[in-house]
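Make the complex out of the two chains shown on their own, each in a separate frame, by following the hints.
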Amino acid sequence: MPIPIAEKLKILAGAAKYDVSCASSGSKRTNSAQGFGNATYGGICHSFTEDGRCISLLKVMLTNYCINDCAYCISRSSNDIPRATFTVKELVTLTSEFYRRNYIEGLFLSSGILKNADYTMERMVAVAKELRLNEHYNGYIHLKAIPGASRKLIHEAGLYADRLSVNMEIASEPNLKMLAPQKDYNSILTPMHVIKDEIVQNAEERRKFRRAPRFSPAGQSTQLIIGATNDTDYRILNVATNLYKGQNLKRVYYSGYLPVNSYDNRLPAIVSPPLKRENRLYQADWLLRFYYFSVDEIVNPTHQLLDLDVDPKLAYALRNPHLFPIDVNTASYELLLRVPGIGVKSAQIIVRARRYRKLNVTNLKKIGVVLKRARYFIVCNELPNVTIQDLKPESVKRQIMLSETTPRRTKKELYTQLELFPH
Amino acid sequence: MNIFLYDGTFEGFLSAVFYAYARKVFPDKICGNNLFQKDMFAEEFTVYTNTEYAQRVWNGIEKKASKFICQKVFRVFLSEMSDVEMLLFDYIKLTLGSRFSIDEDYSNSTVLEFNNIYKKVTREAQKVVMFVRFQKTADGIYFAPFDPAYNVLSLTINHFKERFADQQWVIYDTRRNYGFYYNLHDVEEVRISDSNINFFTGKVNKDAMDDSELNFQEIWNCYYQSTTIKERKNLKLHKQFLPKRFWKYLPEKNFLEDR
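Those protein sequences? They're chains P and C, same order as listed. Using this note's numbering, read the first sequence as starting at 1 and increasing by one per residue. Using this note's numbering, read the second sequence as starting at 424 and increasing by one per residue.
Because the hints were derived from the structure by calculation, they are not lab data. Computed from a prediction, not measured in an experiment: that's the story for all the values here. Hints are not guaranteed to be accurate.
Some chain C residues close to chain P (C-beta under 7 Å, calculated; not the full set) [unchecked claim]:
| # | residue |
| --- | --- |
| 1 | Y529 |
| 2 | K543 |
| 3 | M553 |
| 4 | E585 |
| 5 | R586 |
| 6 | D589 |
| 7 | D596 |
| 8 | R599 |
| 9 | T650 |
| 10 | N657 |
| 11 | L665 |
Here are the simulated lysine to aspartate or glutamate pairs, DMTMM-like style, with alpha carbons at most 20 Å apart [what the hints assert, rightly or not]:
| # | chain 1 | residue 1 | chain 2 | residue 2 |
| --- | --- | --- | --- | --- |
| 12 | C | K584 | P | E97 |
| 13 | C | K584 | C | D630 |
| 14 | C | K676 | P | E198 |
What the simulated footprint calls covered on chain P by chain C, stretch by stretch (three residues with Cβ under 8 Å from a Cβ of chain C suffice, anywhere in the stretch; the number is not a length) [unchecked claim]:
| # | segment |
| --- | --- |
| 15 | 141–154 |
| 16 | 265–279 |
Where a beta carbon is used, it is the ideal one built from N, C-alpha and C, also for glycine.
Isolated chain C, as found in the complex (with noise of 0.2 Å):
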């Protein structure tokens, strides 16, 4: 059995894809650093991130098949699900050894189960888009924590820097413990460890907040409450579209339970 181990990155990964075709060595396990375990009858090939190398794997997905395909790739990876590394190389052996386009092949498994995780994965950052809630800051900065399943955060971007072009917002992955940081400008990766903020419940200190953001969080709560229809409620399919494990950062959901 051999197990390639890389160093957890993107880059890393299509390294690792390159060296298997490189040295005509085929991996039955892709394993990132941190998460290796010793296996006494396998042989452990250690492979060392070079941009270039995983440049010409890239263009070669590309090539073959389309930049569409290159970006599920990458979606994929950010799922961090455990073995997504051997899935992934699976697909992208089955793309590269292939005359024809092979993503629509929905009866082979390795395809099925790459686009399930896509799906889930594109499903996770819509997700984010939906329920990130910011506060706003006493210097004007909005602050939104958020706990995405998968590593997710950098897909929404666009959207918010779109969206949101006039203001300064922070959008924060408490999870994975880094976050993205809009300036009016560009937007660049911060990581925070600042004691105004409590990571646990994701809220900003009373007296670091906007004097209004307390009064409009109760305000929008007002709202949430009284546009419920009493009669028609139906807390089964409440859940099935707001999950629980969201709840914890949205003021409508954990409101009166501060007071």
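In isolation and in its complexed conformation, chain P is listed as follows (with noise of 0.2 Å):
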């Protein structure tokens, strides 16, 4: 008996989740005369879901049966969990749909592997060609290239598609060895390979013909799995530095470990995600990306993880006091991007308001500086304030601490009382 429509999408929407990449921006196509939909480049979210996280995409998987058998994956082959297989006509109908009625910005396409690689990317392929040159559809595809697929399928998934990605999900090849025996860290290379070089070709040729095809205009992206391992965020961000420099990559997903498989004792026992880990990883890869930060200066041999306290920035200000206080007025905008609670927009307006006259703190404030913060770091054009030269960075992070206290936070967590009875 054929399943349902929406149970099917149940299930394959309830196994795509897992999979954070959500960005429907990069992409520059435009609608063409007698179709629908296009990109806009900047992307726009559509939804959110009551975790927190935006639907810009239809996040589905083609097909939740898998060969594979890993530890992390909630579709791996021995667990018994309802399956279900979309058909191209049913992805094509729910994509055309929901994209007509602006509920989402287009398509994303993962899968489970059916039989081997090149059988599940060529159906994938399917599923785009079809909504590319028979619905006339313009809108996002944001397809995953199955590790072990061959190099013609890719090229033929960067024609139709926006972005596609390969996911690395583990941060160290023995650890990914340990947990996805059926993966190595060659096979998920060689199609990042692949797509990076077809990339680069494609800028070439476009530069000699305009109207050539584009591919994969939004770039790659790939998403590691965090706490499933014992790799360190030392560990992950060299491995997201060398993506970024040596794929091109436009995005690295963080993924807290959610405990889907439990009962494998390869696995941690824990039982939440690690979502305050997760956060700062994501605060020091927008640190490498956009505030000229080095991955040494965040993390080091001898600082391996990041501080959960504090954000990664005001971590990197308290071991280097060395540096602060900064003239707002006068420094660099590299600089100010450095100081804590000076983020791109306000170093931007502040470069640009300085030109008119001094700033002081009623002005930084009213821009958007967070004075909470960035006021241990700078001088401006007021009476000298109490900085981080005058205190030890140990009590400048507990005022800061406290000062940021909400009441949900409570101040318990800083201040405790001494126990009467000490056992």
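Below you can see the structure in the form of structure tokens.
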């Protein structure tokens, strides 16, 4: 008996939700004369789930049947769960009907591996092809490249998709081998190389022929699972940097490990996902991409883990008090970005606004600088304030944490009463 | 105290700016006719809308600053906030009176306030693009109600026109009671008084709906539920990204309630 489409969607969206990639940005695909849909360069989120993540793309698996048996994956072959497979027609209908109602920005298609990589990849490409050529759909498509798929298929996928991705999942090869015996780095890195080469080649072609079809215009991305293995933040961030630099990746996503297969004793026994660590890793990732930080400034062999109490930029500032305070009215943009409490937006505004007159604390506050953090690290057109030079880094850290204490994160965490009867 | 009265339109406002410069009478308050409250000690000036004068002010701003600044002025005007006219007047006065662009002088409170409102209006327009939900009607028109805080519908029309070029659609501002209809060629402004649409809930009556519409809403709701990771539930964050004021027209947020 065929499974109704709503049931299939439940199963296959439920299986795909652990992939955190959500971006619908980076592509400038325009609508064609008789078609519908276009891509917006900045991407658009259309809804938000109750876990606070955005829904931008219809994120589903083509199938959750899989020949692989990876310990961290809900769809592993040894799990006894309901399985389903979409037909091409079903996926095309869902995508275009949802898109026309402005529910989604496009399709994100991943898949378990049926028979072999090429067989699976071929079916995924067929969906994208049908959407593009027969439905004249010009919205966003994100396809997963299946490790081990042939170069020809990946090339074809890139012509229809806006973004391709291959998930690395585990940040070191021995750990990957342990959790996913059928996978190795070679099978993951090969498609990444192929995609990178194709993108470079395509850019070359488009310089010569303006109308040459684009190959994966929004680039490629990957995902790393956090907390399923003993890999340190130092290791993870180094892997990420190498991917950004070596493979020209647009994004590396970090996904806190959810104990979906808690019976498997190769995995750590945790109750809840490491959300705080994931958050700090994203902050570090932003420092790498938008704040001109290098990995060694954020983590190093002696500090292999990120501080969970404070964000990585504040941690950097506290480790390097000799670099502060910075004069807001004269410092360069790059230096301003190093100040905790000044982000990209505020730094840009400061650089523009200080051409008119010197800025003082009130101006900074109104501009949007978080003075709770920034005040210890800056001087401006004002009477001298207490900076990190006058205090110890530890007390600055304490004061900042106290000032950021929300009612929910009570002062209890910082001040604990001594026990009357210590045991 | 001088109070300028104008008709509430953007042209009217620009005419008021012209009026002030032409007569060298500077307002302390600029007020739309419908919102005017008499003030015993104030002198009232009634400004008549004049497209030519308005155009001259518009050109003046463009010449002194840029097209982009003109657009910004227009967007800030769309915020419809109280006393926004006076803020705009001050901003235009600064722009016209300065030898260089003052738009990035963020330590000036007028400029900062102007830019903040501009940001708010632009964000609200982005929210329309994000959260509009079309319902397919029996005659094939896609209808979407929306209740934006600012009068921003017109800013989003090009986006929808490019994206949904092969379907007829209506996007309707239920607060201000007007909308835009795309007939496969052009977009026109419309006012609808159709008994098949409930303007309170924003829903099209079941009889006037396309047969598949409810089905797709249900499937969408199904997707919405199953793509949530229960272990990571964070309602505070959820509400921060998807404020409650948008929920009323989202099928994923109120589909179950009507059953």
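Item to check | Hints the structure fails to honour | outcome: Checked against the structure, the hints that fail are numbers 2, 7, 8, 13, 14 and 15, while the rest are satisfied.
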